[in-house]
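*Asks:* Please build the complete structure, drawing on both the sequences and the hints.
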Amino acid sequence: MRSINPWLLFLPAFIIVGFNSFFPTLYGAYLTSQRFYMTGQEVQFIGYSNYMALVFDSTVWGALLKGAAFAAACVAIELPIGLAIALMIYKESRVNRILRTFFSSPLLIPPLTVGATWLLLTRADIGPLPLLFRLLGVNYDIGSDPLQAFFTVVIMDVWHWTSFVILVFVAARAALPPEPYESAMVDGASSWHIFRYITLPGMKYAMLIVLLIRMIDSLKIFDEVWSLIGEGPYKATNFMSIYIVKTTLSQLNMGYGATLSLFFLYLIIILTFITLKVMAGRRT
Amino acid sequence: MDKDKVYRAIGILMVAAFLVFTAFPLYWLLITSFKERLEVIGGISFWPGKFFWRNYYRPLFEDVYASYIRNSFIISSVEIIICLPPALLAAYAFSRLKFKADNHFLFWFLTNRMAPPAAFLIPYYALYTFLKLFDTLQGLIIINSIGNLPFVIWLLKGFIDGIPKDIEEAAFIDGYNFWQMLRGILLPILKPALAVAGLFVFIFTWNEMLFASLLTTSPKAMPLTGGLLHYMSQLWMNWGEIAALTLITMAPILVGIFYLQRYIARALTFGAVR
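Here the protein sequences line up with chains G and P, keeping their order. In terms of this note's numbering, the first sequence opens at residue 9 and continues consecutively. In terms of this note's numbering, the second sequence opens at residue 814 and continues consecutively.
Source of the hints: derived by calculation from the structure; they are not laboratory data. Be aware that one or more of the hints could be misleading.
As the list claims (entries may be wrong) - If we take Cβ atoms under 8 Å as the criterion, some of the chain G residues that face chain P in the derived model are:
{"hint": "1", "residue": "Ser29"}
{"hint": "2", "residue": "Met96"}
{"hint": "3", "residue": "Pro118"}
{"hint": "4", "residue": "Asp133"}
{"hint": "5", "residue": "Ser199"}
{"hint": "6", "residue": "Ile202"}
{"hint": "7", "residue": "Ile206"}
{"hint": "8", "residue": "Ser235"}
Here the structure is a predicted model, which means the values were calculated and not measured. All C-beta atoms, glycine included, are put in the ideal place defined by N, C-alpha and C.
*Replies:* Below, the structure is given as C-alpha cells:
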C-alpha cells in the first residue's frame, strides 16, 4: 500500500530528541525546588525559594538588560551595513561571488576561535588594537574598562555575523521582481526613491526575520565572550549564558543554576515562537 | 546622475572597508601562529621574523592535540549518520503527510534547536554522571543531536516542500510502496540536499564548545574545541601555539564555507529566505 503511518516516520527523530530534551528539562525543573550544591552537602527541598531568589537577584536583571543592549547594538550595526553591502554585491558575477564567499569566512568557524582570534587582537600586552588606540591617545584595555569590553564584544559579533545578514539580504534582493525597477527607470525616479519605495518595502520581511534571528542569537551568545573575557570587568559582559555557567561552575549552586536555566530557556522559546508566528503569517 | 556616482563611491568604499575588517583578524591570527613566544610578547610586528613551525608541531606531535582532532572528527562524522536518516523520515512526514498536532511537533523540534546550550548544562552534568556517559565520545554524539536533528528536519522539510508531488504520485501508481519510492525517487533527488545538511551537521558539531569542554575531561573523549579552551585558560600562555591551534580548529570549516555559502541564508533562517 502507498499509505504509510506518519507517526512511524516521525517516531525515531522524536525519540532521539525527546530523550535529549525531556529528561534534562524535567530533571532541571525538579532541581529548581532543591537546595543543591555540588560540594557534597545534603540536598534539601526548599519549595519556590530559588524562584524568589531569581526575582530579587539584581544580577539576573542586569544580565538580561545587558543582553538586550548587546542585541540592540549588534542589530543596529549589522543590519544597515549588511543591507548596504548586500545591495552592492547582490548581482551574480564572479567578483561578487568571490566577495560573498570571502565575507562569509568568519561565519561558520567555531565561535570559540572567534573569541581566540579577538583575544590576540585586543590583549593589552600583545594586541595591535591597543597599540592603534595608544597612537590615537586612547587607553584601550578591555580587561579593566567595562564600556570598552562591552563594545569590543559588539564589534566581535559584527565581525562574526554581518556576513549572515549580507547573505540573507542578497537572497532577498535577488528575489525581487525586476518590473517595478524598470518602470521606475522609465519614469526617471531617483535612486533614493527607488531604494525607499521599491527595494526597502520589498525586503521588509527579510529584515524582520534577520532582526528576530540575530536578536535571539545574540541573547544566547556564550562561546566567544567566554573565551575572550568571561564576565568582563565589572561584569560588563555578564550575559545570561555566562551567568548560568558561572553560577554552576564557580558557586556550584546547581539548584539556583537550574532555575536560571529554566527561566532563560522559556524566554528564548517565547522569542522563537514570535519569530515563527511572523514567518507563518507571511506564508498564508 | 551625479548623486548616483556618489552613492556608488560610498558603496565601494564600504565594501573595501569591510573587506579589510574581515581580513585583518584572520591575517593577524595567521602571522601570530608563526611567531615565536618571545617575538609575540616583544612587540607588534606585521610579519613573523622567522617562521616558527614548532607552534604547529609541538601541540600535534608532542602533546595530545592529535587525539583531540581525532575525537572531533569521530564525533562530527558519526553525528551525521545519527541525524540524517531519522530527520529525513520526519521531514517527509512533516512535509507530505497530515497528522495530529504536526505543527506543534515541528515547533517543538525548533525550540530544541534554538534553546541556549547553557540551559541544559546542569541536568546533563548530573544525567551523564548517572548514565556513565560522562567523558565519552557517545555522550557528546548524543547531546549534539538535540540541536542538529531538528535543524536537519527543518532544512530537509524545506527541500521536500520544493519537490513536486506528482513524481511520488506516479511512483505510487506504478505500484511502489513507500520505502521503494523513498529509495528510488526521493533519495536521488535529495542527494545534494542531504550533502548540504550533512556538512552543516558536521560543522555545528565540530564547533560546539560548552558541552565539549565541560562533559569531557580526558584526551580519549575531548574534542578540539574543549582542548583549545583548556589550553587558553592556562596561565602559561604561548600565544603562537594558541594561534596555531585556533587555525587548526577553524581550518576544516573555512574549507566548507566555499561549498556552503549559497545555502547559509536558507539554512540559518529555517528556510524563511531562499
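*Asks:* None of the hints should be skipped; say for each whether it holds.
*Replies:* Going through the hints against the structure:
The criterion of a C-beta within 8 Å of any C-beta in chain P is met by serine 29 of chain G, whose closest approach is roughly 5 Å, and the hint holds. The restraint placing methionine 96 of chain G at the interface with chain P holds, with a minimum CB-CB distance near 4 Å, inside the 8 Å limit. Residue-level restraint check for proline 118 of chain G holds (minimum Cβ-Cβ distance to chain P is 4 Å; threshold 8 Å). With a cut of 8 Å, the hint placing aspartate 133 of chain G at the interface with chain P holds, because the nearest CB-to-CB distance is about 7 Å.
Checking serine 199 of chain G against chain P by beta carbon gives a least distance of about 5 Å; that is within 8 Å, so the hint holds. A hinted interface residue such as isoleucine 202 of chain G counts as satisfied when its beta carbon comes closer than 8 Å to some beta carbon of chain P; here the least separation is about 10 Å, so the hint is violated. The interface hint given for isoleucine 206 of chain G is broken, as the beta carbon of that residue sits about 15 Å from the closest beta carbon of chain P, more than 8 Å. The criterion of a C-beta within 8 Å of any C-beta in chain P is met by serine 235 of chain G, whose closest approach is roughly 6 Å, and the hint holds.
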